[in-house]
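Enquirer: Each chain, written out:
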Amino acid sequence: MDQETRLQMLHDMLLARAFEERAAEEYTKGNIGGFLHLYPGEEAVAVGVLHAAEPSDYVVSTYREHVHAMVRGMPPGVVMAELFGKRDGCSRGMGGSMHLFDRERRFMGGYAIVGETYPVAIGIGYAIAMRKLPEAVICFFGDGAVNQGTFHESLNMAALWKLPVLFVCENNHYQIGTEIHRHSAVTEVYRRACAHRIPARKADGMDVFEVHQATRMALDQIRQDTGPYLLEFETYRFRGHSMADPGTYRPKVEVQAKEKEDPVAVAIAETLPGYPTAEQIAAAGTDSITRMTDTMNAGGHLPGDTLQRIEAQVAQEVEEAVAFAQASPEPTMEDARAALDCNRGMEVLI
Amino acid sequence: MDQETRLQMLHDMLLARAFEERAAEEYTKGNIGGFLHLYPGEEAVAVGVLHAAEPSDYVVSTYREHVHAMVRGMPPGVVMAELFGKRDGCSRGMGGSMHLFDRERRFMGGYAIVGETYPVAIGIGYAIAMRKLPEAVICFFGDGAVNQGTFHESLNMAALWKLPVLFVCENNHYQIGTEIHRHSAVTEVYRRACAHRIPARKADGMDVFEVHQATRMALDQIRQDTGPYLLEFETYRFRGHSMADPGTYRPKVEVQAKEKEDPVAVAIAETLPGYPTAEQIAAAGTDSITRMTDTMNAGGHLPGDTLQRIEAQVAQEVEEAVAFAQASPEPTMEDARAALDCNRGMEVLI
Amino acid sequence: MTEEVFYWQALNRALDAELAADDAVFVLGEDVGLYGGSYRVTEGLYAKYGEWRVRDTPISEGSFTGLGVGAALAGMRPVVEIMTINFSLLALDAIVNMAAKVPFMSGGQFPMPLVVRMPGGVAKQLAAQHSQRLEQMYMNVPGLRLAVPSTPQDAWWQLRQAIRSDEPIVLLEHELLYFSKGPLDVTAGAPPMHRAAVRRKGADLTLVAWSRMVDLSLRAAGRLAEQGIEVEVIDLRSLRPIDWDTCAESVQRTHNLLVVEEDSGFAGAGAEVVATLGERCFFDLDAPPRRLAAEELPIPYNRNLEAACIPTVSGIVQTVKEMLEGGENP
Amino acid sequence: MTEEVFYWQALNRALDAELAADDAVFVLGEDVGLYGGSYRVTEGLYAKYGEWRVRDTPISEGSFTGLGVGAALAGMRPVVEIMTINFSLLALDAIVNMAAKVPFMSGGQFPMPLVVRMPGGVAKQLAAQHSQRLEQMYMNVPGLRLAVPSTPQDAWWQLRQAIRSDEPIVLLEHELLYFSKGPLDVTAGAPPMHRAAVRRKGADLTLVAWSRMVDLSLRAAGRLAEQGIEVEVIDLRSLRPIDWDTCAESVQRTHNLLVVEEDSGFAGAGAEVVATLGERCFFDLDAPPRRLAAEELPIPYNRNLEAACIPTVSGIVQTVKEMLEGGENP
Ligand SMILES: Cc1ncc(C[n+]2csc(CCOP(=O)(O)OP(=O)(O)O)c2C)c(N)n1
Ligand SMILES: Cc1ncc(C[n+]2csc(CCOP(=O)(O)OP(=O)(O)O)c2C)c(N)n1
Ligand SMILES: [Mg+2]
Ligand SMILES: [Mg+2]
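Quick mapping for you: the protein sequence lines, in order, are chains Z, A, G and B. My numbering puts the first residue of the first sequence at 1, with every later residue one more than the last. My numbering puts the first residue of the second sequence at 1001, with every later residue one more than the last. My numbering puts the first residue of the third sequence at 2001, with every later residue one more than the last. My numbering puts the first residue of the fourth sequence at 3001, with every later residue one more than the last.
Calculated directly from the structure, the hints in this document are not laboratory data. No false leads were slipped in.
Here's a subset of chain A near chain G, in silico, CB distances under 10 Å, partners left out:
| # | residue |
| --- | --- |
| 1 | C1090 |
| 2 | S1091 |
| 3 | M1094 |
| 4 | H1099 |
| 5 | L1100 |
| 6 | F1101 |
| 7 | D1102 |
| 8 | G1109 |
| 9 | V1120 |
| 10 | R1131 |
| 11 | T1150 |
| 12 | A1339 |
| 13 | L1340 |
| 14 | I1350 |
Computed from a prediction, not measured in an experiment: that's the story for all the values here. C-beta atoms are modelled at their ideal positions from N, C-alpha and C, and glycine is treated no differently.
Next comes chain Z alone, as it looks inside the complex (with noise of 0.2 Å):
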């Protein structure tokens, strides 16, 4: 890997984490809505798997999908603005948080009916395979949406047409506020992939390289032709399943076996009414953003203030993609409609 590229992902995970708690305080100032998933903890998984991945590759994902689309390269203001309801939101205002779409992209959308994302996954799949063009579809899920009929139904048929579609797990042990060994017999959700004949394997989602290894990896075997592949990610999340989840049903004892350290974090969650606990929140155990700057540094790869000078970026780059949602404009109820209609065109119905 070059330092180019190690930059750009540390980069990511920066801004992923300063984006999220960002977007989490300006929740609880009212300017964003509805659910919202935050993604601190699981950063390396977004940015390991997206980063080896082509531009004509396409990406679906779910409703906790703004790291996601960052790294795959929509501006922050954009996302920034669809979590606001603005026009200037990649998805005009009408999706949110949980339904961010990006056509030029190859982000088919963030989806929130747990299952989703399978079916169109192999959908995508199947319209490349159809076409034996040499792209690969990146299908995410979590562990509690395995247990979703679609799951099973679509990887056999993705093993069976030989679709190349990479089921990506993000396997942070819990499906809100159920823990695995509670919602799986099987509770490495990797093992699952046997009764398909699915290659599979699982790897440590708190490590960006290690992630971002493995899915070169299964990406280049989906390219000879071989059908899908399964990896699973083991990450956590340090945050509640969403903004209206204080996460208490998670024992201390285990939340503290995770702690270390995580600065931005605590502050930010000090200042959240019914939220993680700054105990809870300094949960960083493994956290993923420290371990990639431990490694870095180990390796020679952050020298003088690289760091610094990236984390001063990110944050321009989060405030500017704050003020740049304020600034956008109110979609309209023309813009609903016309959002609506967009596959109209000039047909005539009646």
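Dock chains A, G and B with the ligands against the given chain Z, drawing on the hints supplied.
Expert: What follows is chains A, G and B with the ligands alone, placed relative to chain Z:
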């Protein structure tokens, strides 16, 4: 196994065959309507499995369930009357061929939407487990049915909560006209159970004694509170998917590979328009009845005219069943309303 | 005897009472146990009754609702919670093809004491996939009943009645009602489960509503009264069956009918109300019966647009006035 | 140019024509390929276009319909066949929450050129789980369109129009229509996809029907004509949108409205027709608009009861006469 059981099983095999062939005949005469899914070829599964069950166990089946119902103890006349849509049918003429129910015998229904048997079975299993009863549920399904999302959803819950459910796959290699290697990436159904850590094995579904033994072992284990078990029985249906299906999608070579005389079937089939040809029907290759009588003969368990006697008895039972069905009155609209209102009781709604 | 409680609390107590009364009752759904329910409805029950009677499920709506069907066949009285109605599409086969049909298809052998509870509705910027009521999907299903409590008192009784009934019943709650308060008198007797309630008397026009739209209708009625217009507000309380007599009696007096519904109007629940009352009270009506419903759009995330998409108090006021003015000279 | 063909053949040729015209079109569903389709609609296409364009699927309705959504997002024009509408409950999330909402939720970035074809209806003793139309489930969904061809000519054009449209469209066929014959002129131009057709002119009453009920209505109209009663028969051809102008114009002339529907009436498709026309033509109507629909029962297996549960020609005749007689002196 004692001789009485053996003879009873032989009786059930022969009854199953004779009943179904007669049903086909009655269908062409117009006495039976709707979809009629017949069982010839697969008898060893129903007979072997259900003779290993206790009366206190529950059975959940599909639309191809006449034989399951009869082996479970439903009188052939009551089943035939249901196929005729008559008032003395087990479902009072409201359900028909695909919806046989018998509360007393814990025959919990034939379900016609593929994949419905699993959730029903785990629901009953849940009730048993909650009450800590020594009962079990037997859940039938086809090879095509394992691609319905409910299969994995239900297996996961069964495993997670250790529900006493025996999942029984009747793998006849076809989902209507689609052969198993064209509908499933993994064609050995029992291997799918690994995704949920459910013990599973495959056995010869054309050998009634093997089926019986495998089922006994599985049920024994289930009664130790170890949770669910999955059995896959490889079998073959001699006829089309239903009376609406000529079965012509099956290559002759395949049918011929299984060839061996099955005289009853041939005789009947020749009377049926748009139905498998005599050659096709003659494809009783590993026919389970022949196989059973061969085994019994070899073991000296079919002395004298035992077989002929049972055949005669069965023929008479089928005659009587048809006579019973014919004599039974048509249900009325009041019967229909009463069926719907069975669960209304004295309740005042408005 | 009357206490002010949240709607969720009334449901919570109803569950508690029925769990205590009958050990065939059990509750299941996502996060109903340890977590206490997404909207607190099952709070405290896991600790009290244990995991078998308050069961956290995986995200498998189709199968855990079907599990309820199976358990009901085996004599239990399951109460399935689907986190929101939007996810119930995944369970529709279990509800429509299994729960509603098995009693009939079995020739009346199997009652189906199954309750499926879920909230629906437009809440606060939950966007298109999470802002549906979808109630009409459950109405055209013979064999199913559908209740829509709008107050804590109704929530309390209708849930208990549903649990005690041997018929499959969908109880449709509302995200925005959970945290609204109202009186609860647990000693008061219960009206029949599906009887409509006249929430306000009036002689000029009949406003038919249910669930959260009842509150809006009552507020509109208050404003209209200030302007001398007296509307009668009927809370249907149930969408299958519908208590036509109560509605018809009202329309026969007021000669005007407006149905307020939160979902989009085309082929919504209101269509049935207007169709049947339009037929039954045809000669009583002074003006065409009307529906005030949501825009024919998926619900937008943006908060202004969201608000603009569904009926409002002032929208109701305006429509009533239009109707009464227009009705004078046809 | 006109040929007599089966309804299934018209659909088959429409698919053939569109598969030939645009290689983004592909067909998928259970047994559509090698087997040729349960109702022969895809006969011969597998041999002609190969397995990628005519794809046999596993029994996974939820996911293969969702596959259609994904493929449409990637620029394909998938035509999903669901073997019967009864199984479509398993695909409803894909249709309602995905296909109908993504174009909107994406702010208009993604068109959704998806067609979902399926037959519905009461056929021949298929019993409760296999005898539903369920059409109303698809009507209250902004973002979705629903066409219901009743003739080979309409089947031919409406399927082609649906495939060419960039909006998600459900094409609801009928088991009993597949093997009915009618004229097909492939050179004739197409009417707008959702325009209603006046199948018979008449001055006394407007009969609104769709799908198989059109045929029954026409036969009833024939019998009524012998008795001097002239009914106008409108074939809606589409249930979302509905061509209100054609209907209203008719009702304004006939002053009477009867809707005939095959599914049970409560909250069925007919409710919307009666509600909107009752509102729009309130002052034109001589008598209450009525619906003739199926009994409020799951469909029984028994053939007599099955027949007794759904509208018949003589039932229509009788209802029309009742309405016209009753209409005279209110
Ligand atoms: C079909 C469906 N059921 C339930 C929900 C409510 N819900 C939203 S997220 C979620 C948990 C998903 O857990 P997981 O897949 O592990 O993803 P995570 O949130 O942990 O990233 C649930 C139950 C939903 N959105 N869709
Ligand atoms: C959900 C659903 N999809 C499709 C069908 C139509 N159908 C009926 S039986 C069948 C094939 C089932 O195959 P399998 O499970 O192998 O059972 P078999 O008929 O071979 O015994 C299909 C597709 C259905 N009844 N339900
Ligand atoms: Mg998770
Ligand atoms: Mg099979």
